[in-house]
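Both chains are given apart, each in its own frame, so use the hints to dock them into the complex.
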Amino acid sequence: QKEVEQDPGPLSVPEGAIVSLNCTYSNSAFQYFMWYRQYSRKGPELLMYTYSSGNKEDGRFTAQVDKSSKYISLFIRDSQPSDSATYLCAMSAYSGAGSYQLTFGKGTKLSVIP
Amino acid sequence: SAVISQKPSRDICQRGTSLTIQCQVDSQVTMMFWYRQQPGQSLTLIATANQGSEATYESGFVIDKFPISRPNLTFSTLTVSNMSPEDSSIYLCSVDDTGYAGYTFGSGTRLTVV
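Protein chains in written order, with this note's numbering: chain A, 6 to 119; chain B, 22 to 135.
Next comes chain B alone, as it looks inside the complex (with noise of 0.2 Å):
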């Protein structure tokens, strides 16, 4: 299966900034998809990115708070802009290398805003 490598592992960030979260692949892939994790909750799917078009955004998500870039097959980005303390969560990157959505995901970035 793919191995994913996903940074920062966590961070602690001021409310109304922003923070990059970078997903690296270790080999190409069409699709890349980005989860939340918050606690007492199933994961939930933010967006899925598709290397030279737009991002595809889930109800409830919208590009202007989770811009996602997606440069190439084997990388993407995720930023969360004008933090607040409800964006305070774990983000997941994951690709499908299966073909049934059996997703590998990456480590997860634990973000706290305060």
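For reference, chain A alone in the conformation it holds in the complex (with noise of 0.2 Å):
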């Protein structure tokens, strides 16, 4: 079982649709959940992060965090047709010596048609 899972899609919603963006993992020492976008032929950019259970909003983007679960989302509203990229979620866990250890998703391809 690899330590993060997450559905590469591709997922195609209609614009002002609701997208939900998931992933699982399995390593109880993970600390921090990030969620970062990569439009085409760009690096990914961070675009939320949360440290314990529960709901972050910001804007159309919410993301959760059930640790209990070993589940993350995020939740897109009123989507976009500039919201199409890849999300890529993303965790770590303290390795030590005041630095952590960054695990990735690989990413679900998100398009929203006009």
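Don't read these hints as lab results, they were simulated from the structure.
Among the hints, erroneous ones may be present.
To be verified - 27 Å max Cα-Cα, derived DSSO-like pairs, lysine-lysine: (1) A:K47 x A:K7; (2) A:K47 x A:K114; (3) A:K114 x A:K72; (4) A:K7 x A:K114; (5) B:K28 x A:K47; (6) A:K47 x B:K86; (7) A:K114 x A:K61; (8) B:K28 x A:K114.
Nothing here was measured: the structure is a model prediction, and the numbers come from that model.
Following this line, the structure appears as structure tokens:
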């Protein structure tokens, strides 16, 4: 079992739809949970991070973490064509000497159709 | 967050040759990270580059194949040596300017080996 599982999609939705992106993980040592957005031919861009279980909202984006189920989600409300990108979940665990080890999911490719 | 300039953005190389990728950060950082992103795969850490010491390589990556330089706190290079078509991938440099591994990434180098 891989440490982080993410459905690669692709996922295609109409403009204005609510999008739900999900990842599961197996390592209980993960402490920070992140979502990156990667546009075509660009590097990943940190979108949101959470530390504890619960929800965190930023505009149209909501990140949700359920540590008991080892499950994280990213919700996008009122999706726009500009949200079309690959979304990668990532998680970090303390690896000692003040540094964290980062583990990525494979990414979900999202297309929002006008 | 830090701004990273990475070049070249893309290249097509002959097998058996080498390519050096440059990464420039607009602020001083202790560690820089080099990743490989292959289609359908998670971002994979190649090595961590500390200024003034040898880079630390992850399992499956060796210094002879991926030599790294880190001459100062704002610059690093990754060389892909003796290339084969299997080295065709996107290579990304990144820094952690958050303290919890919320990395900032360069825009990537898209390498095709023919």
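We went through each hint and held it up to the structure:
Proposed proximity of K47 of chain A and K7 of chain A is supported: the alpha carbons are some 26 Å apart, at most 27 Å. Our distance criterion of 27 Å between C-alpha atoms is met by K47 of chain A and K114 of chain A, whose separation comes to about 14 Å. Taking the CA atoms of K114 of chain A and K72 of chain A, the gap is about 25 Å. The hint holds against a cut of 27 Å. Between K7 of chain A and K114 of chain A the alpha-carbon distance is near 20 Å, which keeps this suggested pair within the 27 Å criterion.
Using a Cα cut-off of 27 Å, the hinted pair K28 of chain B and K47 of chain A holds, with the two alpha carbons roughly 12 Å apart. Only pairs whose Cα atoms come within 27 Å are accepted, and K47 of chain A paired with K86 of chain B is accepted, the gap being roughly 25 Å. Straight-line distance between C-alpha atoms of K114 of chain A and K61 of chain A comes to about 22 Å, which keeps the hinted pair within the 27 Å bound. Proposed proximity of K28 of chain B and K114 of chain A is supported: the alpha carbons are some 25 Å apart, at most 27 Å.
Figure legend: structure checked against the earlier numbered hints; every hint is met.
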